[in-house]
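A.B. asks: Read off the chains here:
Number of protein chains: 2
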Amino acid sequence: MTAPESARIDWSDGQEQSPLAGISVSVRLGRELSAAMFRLDPGAVVPRHSHPNEEFGQVVEGALTLEVGDERGHLVAGDAFLIPGDLPHAAVAGPDGCLLLECYAPPRDPFAAPAKEATS
Amino acid sequence: MTAPESARIDWSDGQEQSPLAGISVSVRLGRELSAAMFRLDPGAVVPRHSHPNEEFGQVVEGALTLEVGDERGHLVAGDAFLIPGDLPHAAVAGPDGCLLLECYAPPRDPFAAPAKEATS
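As you go down the protein sequences, you meet chains A and B in turn.
Okay, so the first sequence: first residue is 1 according to my numbering, each after it adds one.
Okay, so the second sequence: first residue is 1001 according to my numbering, each after it adds one.
Just so you know, these hints were derived from the structure itself, not from any lab.
Treat the numbers as computed from the prediction; the structure is a model and nothing was measured.
C-beta atoms are modelled at their ideal positions from N, C-alpha and C, and glycine is treated no differently.
The reader is advised that the hints may include incorrect statements.
What the hints assert, rightly or not - Listed next, with one range per pair, are the computed distances between beta-carbon atoms:
hint : chain 1 : residue 1 : chain 2 : residue 2 : range
1    : A       : Arg31     : B       : Pro1047   : 21 to 27 Å
2    : A       : Leu20     : B       : Asp1070   : 37 to 43 Å
3    : B       : Gly1014   : A       : Ser12     : 33 to 39 Å
4    : B       : Leu1029   : A       : Asp86     : 17 to 23 Å
5    : B       : Gly1022   : A       : Asp109    : 34 to 40 Å
6    : B       : Ala1021   : A       : Gly14     : 27 to 33 Å
7    : A       : Asp70     : B       : Arg1072   : 29 to 35 Å
What the hints assert, rightly or not - From the structure, some residues in chain A lie toward chain B, with a derived Cβ separation under 8 Å:
hint : residue
8    : Thr2
9    : Ala7
10   : Ile9
11   : Val27
12   : Arg31
13   : Glu32
14   : Leu33
15   : Ala35
16   : Gln58
17   : Glu61
18   : Gly62
19   : Glu71
20   : Gly73
21   : Ala80
22   : Pro106
All chains, please: the whole structure from these sequences, using the hints.
C.D. replies: Structure representation (structure tokens):
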């Protein structure tokens, strides 16, 4: 048994998309927020992009290099971040890959439409 | 090095509150969502309550019994849930405790004001 049926999220239920090389993601859209579980292969690249949605991220396994604006940091399992809306950001998975949980508000399906290319 | 300074969340930076017996929580408020990392001792109880904010949860470590409305489920590390706003819910940590990550939208500090008692 997992969570009560009315609230259950099963990340392994086959709803994963593979929108970019080396990246798979499972997305759940709520009314006020969305949640997404990303599995990144070693060295997988999330190109620089931006969106108006605020973005929270938690590294569950592995490691990630994250660029936000003109800053860069290295995150490992247990590290977290909160990116304001419209701030360009990018990421590269570490040598063992990365399992990354994200939440967006307002809700966002990260690959429902092409990401806006960052201009700065 | 962890996340870039402008986006960094350090769950271990001493901002934890201990609002209920056996429960400590660290909260970060954004503009559109908030994130909270709960550490529950074995058997710790989150009393039944409700709030208008939508609530996402991810079990990071340990186990949790979760009641949502009139349903009950048992979650372990890797399991997740999404509770609509205003739906009464409660939780009890498993025998080894539970590390639980939650996000709320709109943003919510779960212990900034007394939780509304569920009437059903």
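A.B. asks: Could you run down the list of hints and mark each one as holding or not?
C.D. replies: Results for each hint:
1. Arg31/A to Pro1047/B: 21 to 27 Å: This hint holds: roughly 25 Å between Cβ atoms.
2. Leu20/A to Asp1070/B: 37 to 43 Å: This hint holds: roughly 41 Å between Cβ atoms.
3. Gly1014/B to Ser12/A: 33 to 39 Å: Holds: the Cβ-Cβ distance is about 35 Å, inside 33 to 39 Å.
4. Leu1029/B to Asp86/A: 17 to 23 Å: holds (19 Å)
5. Gly1022/B to Asp109/A: 34 to 40 Å: holds (37 Å)
6. Ala1021/B to Gly14/A: 27 to 33 Å: violated (40 Å)
7. Asp70/A to Arg1072/B: 29 to 35 Å: violated (48 Å)
8. Thr2: Holds - the Cβ of Thr2/A comes within 8 Å of chain B, reaching about 5 Å at its closest.
9. Ala7: At 4 Å from the nearest chain B Cβ, Ala7/A passes the 8 Å test, so the hint holds.
10. Ile9: holds (4 Å)
11. Val27: Given a least distance of 12 Å, the restraint on Val27/A is violated.
12. Arg31: Hint on Arg31/A: holds, closest Cβ of chain B at ~6 Å, below 8 Å.
13. Glu32: holds (4 Å)
14. Leu33: For Leu33/A, the interface hint holds, since the closest Cβ of chain B sits about 4 Å away, which is under 8 Å.
15. Ala35: Since the shortest Cβ distance to chain B is 5 Å, the answer is holds.
16. Gln58: With Cβ-Cβ at 6 Å, under 8 Å, it holds.
17. Glu61: violated (10 Å)
18. Gly62: Hint on Gly62/A: violated, closest Cβ of chain B at ~14 Å, above 8 Å.
19. Glu71: Cβ of Glu71/A sits 3 Å from chain B, so the hint holds.
20. Gly73: holds (4 Å)
21. Ala80: holds (4 Å)
22. Pro106: holds (7 Å)
Figure legend: structure checked against the earlier numbered hints; hints not met, in rising order: 6, 7, 11, 17, 18.
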